[in-house]
Amino acid sequence: MTGWFTARNIAIAALLAALLLLPVFAELAGNRFLLTLFTRIVILALAATSLNLILGYGGMMSFGHAAYLGIGGYAVGMLAHEEVLTGFVQWPVALAASALFALIIGALSLRTRGVYFIMITLAFAQMAYYIIAGLARYGGDDGLTIYKRSQFVAPIDLSNKVQFYYICLALLFGSIYLIWRLVNSRFGMVIQGVRSNDLRMRAIGFPTYRYKLVCFVIAGTICGLAGALLANHTDFVSPAMLYWTRSGDLIIMVVLGGMSSPFGPLIGAVALLVFEEMLPFMIKLLGTPLFGEAAVRGAEYWQIVLGPLLLLVVLFARGGIVGLLSKVRS
Amino acid sequence: MTLFIEQCLNGLQFGLLLFLLAAGLTLVFGIMDLVNLAHGSLYMIGAYFAATFAAWTGSFVLGAVLALFATLLVGMAVEVIAMRRLYGRDHLDHVLGTFGLILFFDELVRLIWGPEGMSLPLPSWLNASVQILPGVQYSAYRLSIIIVTLAVAAFLYVLVMRTRIGMLIRAGASNREMVGALGVNIKLLYTLVFGLGAALAGLAGLMQAPILTVQIGMGENILILAFVITVIGGIGSIRGALVAAIFVGFLDTLGRAFFPDLLRMMFTKEVAATAAPALSSMLIYLLMAIVLVVKPEGLFSAGQK
Amino acid sequence: MRKALLAASAALMLATGPAMAQQKSIKIGFVSTFSGPVAAIGNDMRNSFELALDHMGRKMGGLPVEVIYEDDGFKPEVGKQKTEKLIESDKVDFISGYIWSNVLLASIKPVVDSKTFLVIANAGPSQVAGELCSPYVFSTSWQNDQTPQAVGHYMNQKGVKSAFLIGPNYAAGKDMLSGVSATFKGKIVGEELTTWPAQLDFSAELSKAKAANPDAIFVFYPGKAGVQFLAQYAQAGLKGKIPLYTAFTIDELSLPLMKELALGVPGAQEWVNDLPNEANKKFVADYIKKYPGLKPSFYGAQSYDAANLIASAVAATKGNLSDKEAVKKAMEKADFKSVRGDFKFGNNHVPIQAFYLQDVVKDDKGDFVLKTVATIVKDNQDAFHTKCPMK
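Protein chains in written order, with my numbering: chain A, 1 to 330; chain B, 331 to 635; chain C, 636 to 1026.
One chain only, chain A, in its complex shape (with noise of 0.2 Å):
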């Protein structure tokens, strides 16, 4: 039982707990913004559990998964555009677009590796991101509002800030769930060999292919489905959801998270999002007393320091956090 309580397996049963209770402190904070940021996290954190599936398990490294981000949002969006406000056939399709989409870019894609796989699923994010910006009816560039959010039947209501935000925790921690199962069956020793090395598994007699290409439609899905929830939860999609850096980030939160575990990407979301807002907020906060006007304009420019984390993070503590807490003795 000791083995349990590890630095680890504490930190993240309190971030776990933490997410549970945020709408309630957010109440009694008056502070509502917290759980827009926080809803906003969770949804991010979906995106990246899905890209880590083929990311730190497949070790497919594809740089075009933002796409299926811009694809089950647009879904969602066009849908209400056209007056189709049911959730009932807004997200179902959103998940089938998405499926569809990983299914023929990957069928191309998985033909190709490293370097050349990068480029290529960037390739396709960005032909995508083409595509629905060159969609005049649906905003085009500008991109489009979602006036209303997609409608389930009572008293399921997405416009209740709550509600909405344990929906997606709910779809979050169901999918952390879902790839566990999946990395600890035997499809996902496939995988995990495949990443190890290919040849062997081919040698072995699996067709790694199809076992890459299952892989990376299932994480295609997923990710549509956080796309969907975007959509609703900010009542706008652009263009700019699918651009190539906006798959960076995700690529970041799995990284700084760490690759060897299903909670990685979450804990990489929640640092870089809480990273993001909190940073400037706290370097004023204890800048200020010591160093005046300076550290509230040096709050201001704290991005320069998560460029070189970064760098140091892939150079020193190649498993993100996560690895990071392993190592520490309890």
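It should be emphasised that the hints constitute simulated quantities derived from the structure, not laboratory data.
Certain hints may be false.
Straight-line alpha carbon distances no greater than 25 Å define the calculated SDA-like cross-link-like pairs of lysine to any residue that follow [stated by the list, open to error]:
| id | chain 1 | residue 1 | chain 2 | residue 2 |
| --- | --- | --- | --- | --- |
| 1 | A | Lys-161 | C | Lys-720 |
| 2 | C | Lys-894 | B | Ser-389 |
| 3 | C | Lys-930 | B | Pro-451 |
| 4 | C | Lys-659 | A | Leu-285 |
| 5 | C | Lys-744 | A | Arg-40 |
| 6 | C | Lys-659 | A | Leu-34 |
| 7 | C | Lys-845 | B | Ala-458 |
| 8 | A | Lys-148 | C | Val-713 |
| 9 | C | Lys-997 | B | Ala-458 |
| 10 | C | Lys-720 | A | Ala-271 |
| 11 | C | Lys-744 | A | Asp-157 |
| 12 | C | Lys-959 | A | Ser-159 |
| 13 | C | Lys-894 | B | Ser-449 |
| 14 | B | Lys-517 | B | Leu-498 |
| 15 | B | Lys-625 | A | Pro-207 |
| 16 | C | Lys-662 | A | Met-282 |
| 17 | C | Lys-726 | A | Arg-149 |
| 18 | C | Lys-793 | C | Ala-1009 |
| 19 | A | Lys-148 | C | Ser-724 |
| 20 | A | Lys-327 | B | Arg-415 |
| 21 | C | Lys-744 | A | Arg-149 |
| 22 | C | Lys-968 | C | Glu-913 |
Following the hints, position chains B and C against chain A.
Showing chains B and C alone in chain A's frame:
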């Protein structure tokens, strides 16, 4: 007809500018096996340096030359401080590490130069138009871009094919271990190559500055195109980069110019106006996808210069 | 640790008492672009807003004013995020700013949903003047189509028979081109919409215009894009060959960069720096004094008016902002001295105003300045007010 000639020249000019960017990228990729996403940041820094130095010295040309040297130095510094540690690692590590560098440079530029961007005005002798063919006027500045980049391409050819350093570069692209085993100072070679790539990127940045803009994040958009060209042309091949770049330049410019008209004949004006730039941008990625499926090593893979 | 935080925040909340019945200060959020090539516009708006606050002693209705400026980075999704942050996190009483129509359209839903009063200081998309109008949304600028419609009238007056239209491909760009088309009686031989804001290379469009050989070219490119366009227009050898008519392209901010390129190029505007009313004289003179080397543009004039509009509403309701109906009525009265002279709203809260012809001339010092040449239309109301259900 003049419209077509003008657009062809624009396509050539754009393609050559992309070549400068892609050449540096493909060299670094081919020789050090390094995926450098921060290449776009060097492009941006070159433009900012040029705008600053031109303002200080009052001369466009002098500012450009100083900017070139400054970018070369920055490139070499980046190689020594950051890139060295990435050699030999997984490509994912390169992607992540250099993505971090993009973020860093964007913020650094914002810190030093402010968020507003700068402008690089042209001296009046470049701001005119020149008659290149009877009845065909073309911008003097764009013409000078074409001339300068062709000169640089020629210089690169001479460097790579006829000098000792060039020989080492070609050898390194084919077989990097052997070059190291032969006792060549690999570290210095790598630093110089990276610096050269940086200078090329900086040159591209400063040359497009008077036409387009000098602003934060300007590298991110064009970086993708540079990578696409590198892949199409073949990693490590400068000749491939030149051919691919010119082709892509034509495809993009002529596409943007004439595709809308083509679409307008088939669809409504509104659809054509929005769809056309999107579709013509897509053509480039489609081309890359086709090349990757048909000939994954690119059109001219390394070893053939 | 978390328990302590919960307890502390609960205590804090109880200490501050129930929802504010009395305002302690007026919080205004201002969303504009402060980075990139168009930052000059955002800075001008901020400078003007600040000048207005100085003129009123930094108090509205006796209460101190706090303004939070946020940068939309010229992107609709960022503008929307910043708007939401201002509403939810900073809990502002009023929101103002918004240069770009696409940013405004993306951001308007959270504003209206939260019943926060919005004073638009520039963007004028047709939807907001029409079906998306709201009791909480006011404009101190115009509706996009109005200005190019005035230019269309002027082109008719000048006997232009054929025109080629060029503009950026986003909400405002499309509005501009359709505005000219609505009033221009000649033939439109070509229309080009360019990718915005990425495309700053207009060689293809200029080549096409040259090939079509129109009597005139109409162009709309705000900010630095306008500077690039005029430079490339000259580089393409068109200056002096085909006359140019503009809207929102040449203003006090871009003129110093355009210099002789803009000489003799006319434009239409609802405010020019030499309008002869007292408020305007004070605004321009004090702006030049406070910000040496700079001159206010129409963006700034609109922001100055926005500040004064808000102040008039706060004063009229004696700082009691929780009575939204009263605030709305006070805003609709528009009881303030505008730098435009007379100021009144239409049913859709968009101003009914005059449009002037501005030209670029060289003054006796050799500088290039804007000058009001004539009044093109008076009491012009936008064409979309009938689509607005408000009375």
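(Q) Check the structure against each numbered hint from earlier and tell me which ones fail, lowest number first. (A) none
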